[in-house]
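Q: Start from the sequences and build out the full structure, keeping to the hints where you can.
Given next are the chains, with one letter for each unit.
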Amino acid sequence: MRVTEEMRTGNLLRNITSHSERLSRLYEKLATQQEVTRPSDNPVATSSIMRLDAHLKALGETTKAIDAAQGFLDAASDTLERASDALARARTLAVQAANGTLSASDRSAIAAEVNQILESLVQCANEMHEDRYLFSGTKTDTPPIAVTRDSDGLIQGFSYQGSDGALAFPLGRSRQIEVSVNGQAAFLDSDVLEAVKSFRDHLLNDEGLTEEETAAALRDDLSRLTVAQQDLLHTAGEVGSRVTHLDMIGEQTDRAITRATDALSDFRDADAAQIAFELQREETILQALLNAAGRIMNVSLMDYLE
Amino acid sequence: MSSDFSIGLSGVLAARQAILTVGQNIANASTPGYARREVQFTGNSWDIAAAQGGEGGVRVDGTIRVKDMFLTARLHNYSADLASRETTQRYLSEIEALLQEPGENGIAAAIEGFFNQWQALARRPEDATERALLLEMAQNLCERLSELRSSLSEMRVGIQQELAGAVTDVNTRTAELARVNQLILQAGGGSGSSLALQDRRDRILAELADLVGATNMDPAGATARVAINGSMLVDGTTQLDLLPPSNPDETVTVSAGSGSGPVYPTGGKIAALLDLSRALIPQYISRIDEMAAALVKSVNILHSQGISGEGRFTDLTSAWAAEDVNGDGDPSNDPLASAGLPFVPQAGILRVNVTDDSTGLTVTHEIEIRPGTQTLADIAAAFDAIDNITASVSGGKLRIVSQAGYSFDFCADQGTDVLAALGLNAFFQGSDASDMALAERLVGHPERIAAGRSTDSGDGSNAAAIADLRYAAAVGGATLPELWRSFVADVGVASAAANSAVETLGSMVNLLQDQEQGMSGVSLDEEAAKLMQYQQMYSACARYLSTISRLTDLLVQYL
Numbered sequence: 024m025r026v027t028e029e030m031r032t033g034n035l036l037r038n039i040t041s042h043s044e045r046l047s048r049l050y051e052k053l054a055t056q057q058e059v060t061r062p063s064d065n066p067v068a069t070s071s072i073m074r075l076d077a078h079l080k081a082l083g084e085t086t087k088a089i090d091a092a093q094g095f096l097d098a099a100s101d102t103l104e105r106a107s108d109a110l111a112r113a114r115t116l117a118v119q120a121a122n123g124t125l126s127a128s129d130r131s132a133i134a135a136e137v138n139q140i141l142e143s144l145v146q147c148a149n150e151m152h153e154d155r156y157l158f159s160g161t162k163t164d165t166p167p168i169a170v171t172r173d174s175d176g177l178i179q180g181f182s183y184q185g186s187d188g189a190l191a192f193p194l195g196r197s198r199q200i201e202v203s204v205n206g207q208a209a210f211l212d213s214d215v216l217e218a219v220k221s222f223r224d225h226l227l228n229d230e231g232l233t234e235e236e237t238a239a240a241l242r243d244d245l246s247r248l249t250v251a252q253q254d255l256l257h258t259a260g261e262v263g264s265r266v267t268h269l270d271m272i273g274e275q276t277d278r279a280i281t282r283a284t285d286a287l288s289d290f291r292d293a294d295a296a297q298i299a300f301e302l303q304r305e306e307t308i309l310q311a312l313l314n315a316a317g318r319i320m321n322v323s324l325m326d327y328l329e
Numbered sequence: 185m186s187s188d189f190s191i192g193l194s195g196v197l198a199a200r201q202a203i204l205t206v207g208q209n210i211a212n213a214s215t216p217g218y219a220r221r222e223v224q225f226t227g228n229s230w231d232i233a234a235a236q237g238g239e240g241g242v243r244v245d246g247t248i249r250v251k252d253m254f255l256t257a258r259l260h261n262y263s264a265d266l267a268s269r270e271t272t273q274r275y276l277s278e279i280e281a282l283l284q285e286p287g288e289n290g291i292a293a294a295i296e297g298f299f300n301q302w303q304a305l306a307r308r309p310e311d312a313t314e315r316a317l318l319l320e321m322a323q324n325l326c327e328r329l330s331e332l333r334s335s336l337s338e339m340r341v342g343i344q345q346e347l348a349g350a351v352t353d354v355n356t357r358t359a360e361l362a363r364v365n366q367l368i369l370q371a372g373g374g375s376g377s378s379l380a381l382q383d384r385r386d387r388i389l390a391e392l393a394d395l396v397g398a399t400n401m402d403p404a405g406a407t408a409r410v411a412i413n414g415s416m417l418v419d420g421t422t423q424l425d426l427l428p429p430s431n432p433d434e435t436v437t438v439s440a441g442s443g444s445g446p447v448y449p450t451g452g453k454i455a456a457l458l459d460l461s462r463a464l465i466p467q468y469i470s471r472i473d474e475m476a477a478a479l480v481k482s483v484n485i486l487h488s489q490g491i492s493g494e495g496r497f498t499d500l501t502s503a504w505a506a507e508d509v510n511g512d513g514d515p516s517n518d519p520l521a522s523a524g525l526p527f528v529p530q531a532g533i534l535r536v537n538v539t540d541d542s543t544g545l546t547v548t549h550e551i552e553i554r555p556g557t558q559t560l561a562d563i564a565a566a567f568d569a570i571d572n573i574t575a576s577v578s579g580g581k582l583r584i585v586s587q588a589g590y591s592f593d594f595c596a597d598q599g600t601d602v603l604a605a606l607g608l609n610a611f612f613q614g615s616d617a618s619d620m621a622l623a624e625r626l627v628g629h630p631e632r633i634a635a636g637r638s639t640d641s642g643d644g645s646n647a648a649a650i651a652d653l654r655y656a657a658a659v660g661g662a663t664l665p666e667l668w669r670s671f672v673a674d675v676g677v678a679s680a681a682a683n684s685a686v687e688t689l690g691s692m693v694n695l696l697q698d699q700e701q702g703m704s705g706v707s708l709d710e711e712a713a714k715l716m717q718y719q720q721m722y723s724a725c726a727r728y729l730s731t732i733s734r735l736t737d738l739l740v741q742y743l
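Chain order of the listed sequences is D and E.
What the first sequence shows, in our numbering, is residues 24 to 329, in sequence order.
What the second sequence shows, in our numbering, is residues 185 to 743, in sequence order.
For lysine-lysine, the following DSSO-like pairs were computed, each having C-alpha atoms within a straight-line distance of at most 30 Å:
| id | chain 1 | residue 1 | chain 2 | residue 2 |
| --- | --- | --- | --- | --- |
| 1 | D | K87 | E | K481 |
| 2 | D | K80 | E | K481 |
| 3 | E | K581 | E | K481 |
| 4 | E | K714 | E | K251 |
Derived by calculation from the structure, the hints in this document are not laboratory data.
Bear in mind that the values here come from a model prediction, so they are computed numbers and not experimental data.
A: Have a look at this one:
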């Protein structure tokens with residue numbers, strides 16, 4: 024085959040261009056530290072990167088939901104614990120009162136404390152977390168327990184104003200976690216508020232009961248308080264189990280995030296060592312090419328003509 | 185006797201002509217399209233025995249171009265293909281850059297951000313910040329999709345301009361080719377006097393191949409006959425103009441004469457531009473539109489069934505007007521199925537809750553939807569028949585108003601998507617990526633986002649349902665994020681295919697170019713060798729002449 028000047032320079036230029044191209048591609052990888060910077064680099068990997076990216080973002084949102092739910096449930100749990108402590112105090116007082124050796128003035132002193140306990144229990148029921156009522160279900164802007172008071176300001180009746188619908192945080196993919204505790208069930212159906220109120224009323228003895236009837240009523244109150252406390256503890260336990268469940272979901276999510284991050288890194292991140300090696304090789308080849316170019320272009324028969 | 189001198193003289197003259205040819209070759213070593221010349225020598229007949237043996241010596245038959253037109257034709261085929269793929273590659277990599285994928289600024293991130301914000305809102309529907317953020321995210325997503333779509337549309341306009349330019353280039357070249365053909369014929373066809381013209385002819389042919397994939401139907405002839413996919417452009421001295429397409433969906437046409445009409449080039453830059461403008465880009469646009477339409481529809485269906493932060497509705501007007509398709513001047517009497525709505529609603533039951541605000545008592549009413557026969561006026565009449573609400577149609581829009589002390593909503597399970605089709609309590613407006621936007625009612629009113637399905641402040645159930653739309657099949661079993669991913673992957677595959685085709689065809693073209701160069705190119709070493717050869721031939725002939733001359737002198741001396 025004849026080799027002409029055009030071929031020589033053409034081929035040389037082509038080779039140099041193609042190696043320069045490869046070099047600049049490697050520089051780009053080195054600069055971005057990414058294996059795939061445009062879809063055509065690797066369409067399949069691009070698709071996987073986008074899928075994993077979306078997956079990670081959704082998992083991040085799940086983590087946020089878990090954190091928010093945790094905060095809400097922790098607040099509920101704290102509040103229930105406080106209510107339980109108050110109830111325990113009321114029960115201790117009821118044990119004393121049931122002994123039947125108290126004078127009327129002793130009873131009214133206890134009644135004053137029990138009334139305080141009742142007020143604090145209502146406060147507990149109407150506790151808020153981040154401006155939302157804990158026990159109102161989805162009616163987060165409405166206090167769950169409304170009270171009616173007599174002329175002395177003593178609480179006479181309770182009603183639930185919250186929603187039956189539970190407040191739930193979506194965790195993605197149709198999963199959700201209920202964060203609210205129904206105030207109706209926790210404070211009214213459980214007899215917590217009514218039992219304390221009944222205890223207070225019997226201590227005050229507004230109805231004019233006889234000493235024996237009062238003693239019987241107080242004994243009855245003690246057993247009601249005992250049951251109510253158990254109910255409250257049960258509710259608190261149920262919240263605790265939800266927190267445990269949430270922890271489990273949180274761990275699962277964290278593991279999923281780790282896995283997805285690893286997989287994403289496999290697809291996307293450039294292997295620095297490999298790039299450095301390839302870069303070295305391409306540079307060597309390019310140098311050799313340029314070297315050869317200088318020599319080949321210099322050789323001509325014209326040099327030997329006289 | 186005289187033949188002694190004439191032999192020597194012919195050798196000297198032939199050597200000089202050969203040296204001139206060498207000079208011409210060297211001078212044109214870098215001229216594109218130049219095929220090296222060779223001097224053809226023939227020995228003159230001469231018989232020493234015969235007294236009248238002829239003049240003898242060497243005769244220069246002529247100068248020829250060393251060229252294989254069939255090899256050239258093959259090269260042109262490949263280079264036409266290469267030019268086409270290169271053009272496709274150029275535009276595809278531009279589209280790829282538009283996508284900004286994979287990355288934080290792509291549409292995938294905008295989609296994900298949009299749905300994540302719905303999920304955040306579901307956690308705190310009472311939070312005005314989350315609501316405002318959602319509107320921002322929604323607007324961002326709409327903008328990104330419509331930007332991409334308009335960039336693709338603009339690209340199509342740009343392609344039209346490039347096509348017009350390329351067609352002009354083709355016409356300039358075909359006109360010149362016809363002139364060159366004429367000059368070649370005037371110079372006596374393929375004879376030695378038209379060699380420069382033949383160089384010119386071959387160069388134009390190469391350019392036409394790259395531009396429009398035109399091929400020379402007569403590679404062996406002196407004049408070129410050029411056709412695109414069978415349609416003649418240049419035949420001898422006749423030339424037909426190519427016309428650019430009248431709109432982006434059309435192809436190029438040949439102006440007049442036999443075989444006029446639309447032609448479909450199979451190679452060259454123009455074929456690629458036509459393919460991009462007529463097939464690929466419209467296909468991409470329709471996929472983006474399809475995705476946008478699915479997003480709008482699915483979000484609207486759920487959103488229309490929710491209750492906004494403002495509470496139940498007391499006065500609600502549909503966002504998009506029914507059109508007067510039957511042309512009688514009244515848009516309210518066209519069946520819903522053909523009233524120009526963004527999509528045709530399903531037949532089924534529409535349930536309307538009407539609540540007495542003072543008692544909180546809610547009554548659910550049912551309206552049967554039959555889109556094939558029912559008109560907007562029929563729907564309005566059905567609403568109007570419900571106690572405590574009135575409905576009317578004006579300008580193709582349905583307006584529902586409740587009586588004082590009453591309010592209404594659509595939270596009951598819906599058996600039809602007529603609400604979204606009419607745009608009642610819609611989140612998005614528009615029907616494709618070009619006009620997709622946040623519903624006008626919501627702009628600047630984040631409180632109107634229907635996050636819940638009750639009036640409870642903390643009810644984010646509707647927002648949670650919308651957030652989960654990203655996992656729901658939208659088009660052909662694929663979810664919205666999957667639709668986008670597969671679109672990006674398809675662009676990537678097309679671009680990668682164009683890249684590798686360019687590489688493969690490029691090396692094929694290089695190979696053929698080398699072969700052509702090997703035959704027709706000028707080798708300076710070779711020319712140098714020839715120069716020496718002809719120089720020696722010249723000196724030998726000159727020496728022969730002087731020898732003959734001395735011999736003659738000798739003879740004259742002895743006479």
